[in-house]
Amino acid sequence: MSSTFTLIEDGRAHALAAEIAGGRVRVSAASLKSALGFELKPEGLCQGEVCFPVRDRAALVAGDALDLAELARITGRPLALDVAERAGALGVALDDRVAALRGLEAPDFTLPDFSGRKHTLSAYRGKKVLLIAYSSW
Amino acid sequence: MWQALYAELGSQGFVPITVALDRNADEPRPFVEKAKSTHPSLLDTEHRVAELFHIVNVPTMIWIDERGVIVRPQDNQFGTDTFTQFHGKASGPYLELVRAWVREGKGALSPDEVRKHQQVPSAESQLARAERSLAWHLHQAGRSEAAERHFVRAGELAPKDWTIRRGSMPIRGLNPFGPDFFELARQGGAEFPMDEVTKTRVAPRAKL
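Taken in order, these protein sequences are the chains called A and B. Per the numbering used here, residue 1 is the first one in the first sequence, and the count goes up by one each step. Per the numbering used here, residue 138 is the first one in the second sequence, and the count goes up by one each step.
Okay, chain A solo, but in the shape it has when bound (with noise of 0.2 Å):
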């Protein structure tokens, strides 16, 4: 692979190899698998236990490279791209968003104090929480 390419996800940014031609972004199948899990597999794109069939493997695959937009697209998932700048996001698909919140189990996460001490929501769990999100803005 001839570059590198950032991939920003779930807040981390992963360096990935990659080409980039024509405004289109392959990523090498091997550094999508060490940082994201994404595996190319006879049932379908993969990412952990779970798989997304594809229909257009041509679209997909280039080599041994897969096409970042193709991947968005089949498994759902918003990207936010700049080739220009060889970086881009990729977001959490809708219907996994919409199926948690409707799930009403409340998200957990970790983030630190202002003293960079991290908490933990589910470290609260016997307790009524109050999340109250603000900002100085």
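Treat the hints as calculated values from the structure; they're not laboratory data. Quantities reported herein were computed from a predicted structural model and do not represent experimental measurements. Each residue gets a CB set at the ideal place from its N, CA and C atoms; glycine is no exception. A hint or two may mislead.
Unchecked claim - Pairwise CB distance ranges, derived in the manner of DEER restraints: (1) Gly310/B to Lys118/A: 26 to 34 Å; (2) Arg323/B to Arg73/A: 35 to 43 Å; (3) Pro341/B to Ala58/A: 53 to 61 Å; (4) Val83/A to Pro341/B: 45 to 53 Å; (5) Ala13/A to Glu241/B: 42 to 50 Å; (6) Gln47/A to Thr219/B: 42 to 50 Å; (7) Glu203/B to Asp64/A: 49 to 57 Å; (8) Lys297/B to Ser3/A: 34 to 42 Å; (9) Glu250/B to Lys33/A: 40 to 48 Å.
To be verified - The calculated EDC-like cross-link candidates involving lysine to aspartate or glutamate, where the alpha carbons are at most 16 Å apart (straight line), are: (10) Lys33/A to Glu9/A; (11) Lys118/A to Glu183/B; (12) Lys171/B to Asp113/A; (13) Lys127/A to Glu241/B; (14) Lys41/A to Asp64/A; (15) Lys127/A to Glu203/B; (16) Lys127/A to Glu145/B; (17) Lys344/B to Asp317/B; (18) Lys253/B to Glu333/B; (19) Lys297/B to Glu261/B; (20) Lys118/A to Asp108/A; (21) Lys173/B to Glu145/B; (22) Lys33/A to Asp67/A; (23) Lys253/B to Glu328/B; (24) Lys127/A to Asp202/B; (25) Lys127/A to Glu105/A; (26) Lys243/B to Glu233/B; (27) Lys297/B to Asp317/B; (28) Lys336/B to Glu233/B; (29) Lys173/B to Asp113/A; (30) Lys33/A to Asp64/A.
With the hints as your guide, set chain B onto chain A.
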């Protein structure tokens, strides 16, 4: 305010968790230092909580019960009356609701009621979050011009999401309390279905 409520109700199995959707620790720090919180007071530069809970404006309150279940979805409520003349909502009745929940178990909604009044994302708003995430990364990498394109795109995709549009103003060199914000306010923010349930409005929203 939340610290006072924690002092009052903390021994009864209640904890407020505040999450600042800010670009760095410095901007919310004056609030944090003034509050002298002993409850969790967290910083979310990546908007992780905004994404997970689909939060589209601040302040947004969510009730989570002892089992970790959401029993009152995204609710645009206030802990003080500092800005009541602008947004038209009173804090007193809301704080009473929280007290009644903690002390008497009142006010938790049924699962169907929660779903009915929940804000949920759209394909556009999910793409907007990805665009914002890319913009924030590019900004931090010193690629301000490229970042600007993606902040603008994110705002176009989610025009009523102020965590994106107002929240990106300080990053983009715009004033979130100045003319850029007044224009945004004229365009309007997201509707909160919980407004029908949590009736704290004492005046109409001010026209800017």
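Determine which of the earlier numbered hints do not hold for this structure and return their numbers in increasing order.
No numbers; nothing is violated.
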